[in-house]
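Asks: Sequence positions in the sequence shown follow full-length UniProt numbering and run 1 to 196.
In short, the hints are calculated from the structure, not lab data.
Cβ atoms here follow ideal geometry from the backbone N, Cα and C, with glycine treated the same way.
A couple of the hints might just be wrong.
To be verified - Distance windows between CB atoms, simulated: (1) Gly-90 / Ser-194: 35 to 41 Å; (2) His-39 / Ser-194: 42 to 48 Å; (3) Thr-34 / Ala-165: 17 to 23 Å; (4) Glu-114 / Asp-92: 26 to 32 Å; (5) Thr-120 / Ser-36: 19 to 25 Å; (6) Asn-147 / Phe-42: 15 to 21 Å; (7) Gly-29 / Thr-195: 14 to 20 Å; (8) Pro-173 / Phe-146: 22 to 28 Å; (9) Glu-101 / Ser-194: 39 to 45 Å; (10) Tyr-170 / Pro-100: 30 to 36 Å; (11) Gly-113 / Phe-42: 14 to 20 Å; (12) Thr-164 / Asp-27: 19 to 25 Å; (13) Pro-143 / Ser-53: 33 to 39 Å; (14) Gly-171 / Asp-149: 15 to 21 Å.
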Amino acid sequence: MPFRSLALASALALSPLAVLAAPWTLDTGHTHVTFSIDHLGFSTTQAQFRTVSAEVDFDPDNIEAAQVAFTIDAASFDSNLEARDNHVRGADFLNVEEYPEITFISTGVTQTGEGTADVTGDLTMLGITKPVTFQAELRQIAPSPFNPDLTVAGFVVTGEIDRTAFDMGYGAPAIGTVIPVRVDLELSPSDQVSTQ
Numbered sequence: 001m002p003f004r005s006l007a008l009a010s011a012l013a014l015s016p017l018a019v020l021a022a023p024w025t026l027d028t029g030h031t032h033v034t035f036s037i038d039h040l041g042f043s044t045t046q047a048q049f050r051t052v053s054a055e056v057d058f059d060p061d062n063i064e065a066a067q068v069a070f071t072i073d074a075a076s077f078d079s080n081l082e083a084r085d086n087h088v089r090g091a092d093f094l095n096v097e098e099y100p101e102i103t104f105i106s107t108g109v110t111q112t113g114e115g116t117a118d119v120t121g122d123l124t125m126l127g128i129t130k131p132v133t134f135q136a137e138l139r140q141i142a143p144s145p146f147n148p149d150l151t152v153a154g155f156v157v158t159g160e161i162d163r164t165a166f167d168m169g170y171g172a173p174a175i176g177t178v179i180p181v182r183v184d185l186e187l188s189p190s191d192q193v194s195t196q
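Start from the sequences and build out the full structure, keeping to the hints where you can.
Replies: Set out below in structure tokens:
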């Protein structure tokens, strides 16, 4: 099967290839942004952001034309412990009152294999923008088994973020600084979604 990847590229950028891609809609009910943090060397804390949105242009046959911008509601941080969640939302970490959103706008994609690609883009957190690279893997693109008129593309995107690069140094290095990130997501063509 040809590589049909979500290429995380800027929905705000304009390029000659962009006109070839068509809008796709993120299925937020099947999209999860999760990550893990080393806790003092004793354990690994699992957490997630519960609210995420995206603008996606995607041509399954031309990954160079794909574009996307992700926005995360920083206050939707959830580690299953209220006291910790409130601390992380505060000034020591995410400072959600001053910086309510985390955004990713990609700038390029490089195919690395059959169904895989490296995706580079600009991550903005705490008002600081840094280039980061994620690895995208296509799980499947096919008609939904419950609705053959609806095409679904599923991806896993993984990578690492150094929180200290965004001036989030609280507790370092006892609390992990390099954060493994995983995004599981599903997309469908917007014109198909609108008719369902």
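Asks: Hint by hint, say whether it matches the structure.
Replies: Results for each hint:
Under the hint 35 to 41 Å, the C-beta atoms of Gly-90 and Ser-194, about 40 Å apart, fit the expected range. Between His-39 and Ser-194 the Cβ separation comes to about 44 Å, which falls inside the hinted range of 42 to 48 Å. Taking the beta carbon of each, Thr-34 and Ala-165 are about 20 Å apart, inside 17 to 23 Å as hinted. Hint check: Glu-114 to Asp-92, Cβ distance near 43 Å, so the stated range 26 to 32 Å is violated.
Taking the beta carbon of each, Thr-120 and Ser-36 are about 22 Å apart, inside 19 to 25 Å as hinted. Separated by about 46 Å at the C-beta atoms, Asn-147 and Phe-42 break the suggested range of 15 to 21 Å. A beta carbon spacing of about 19 Å between Gly-29 and Thr-195 agrees with the range 14 to 20 Å that was offered as a hint. Taking 22 to 28 Å as the suggested C-beta distance range, the pair Pro-173 and Phe-146 does not conform, at roughly 47 Å.
A hinted range of 39 to 45 Å is violated for the C-beta pair Glu-101 and Ser-194, which are about 26 Å apart. Taking the beta carbon of each, Tyr-170 and Pro-100 are about 19 Å apart, not inside 30 to 36 Å as hinted. A beta carbon spacing of about 36 Å between Gly-113 and Phe-42 contradicts the range 14 to 20 Å that was offered as a hint. For the pair Thr-164 and Asp-27, the supplied restraint of 19 to 25 Å is violated, since their beta-carbon distance comes to about 33 Å.
Our hint of 33 to 39 Å for Pro-143 and Ser-53 is violated, since their Cβ atoms are close to 25 Å apart. Between Gly-171 and Asp-149, the C-beta spacing of about 50 Å breaks the proposed range 15 to 21 Å.
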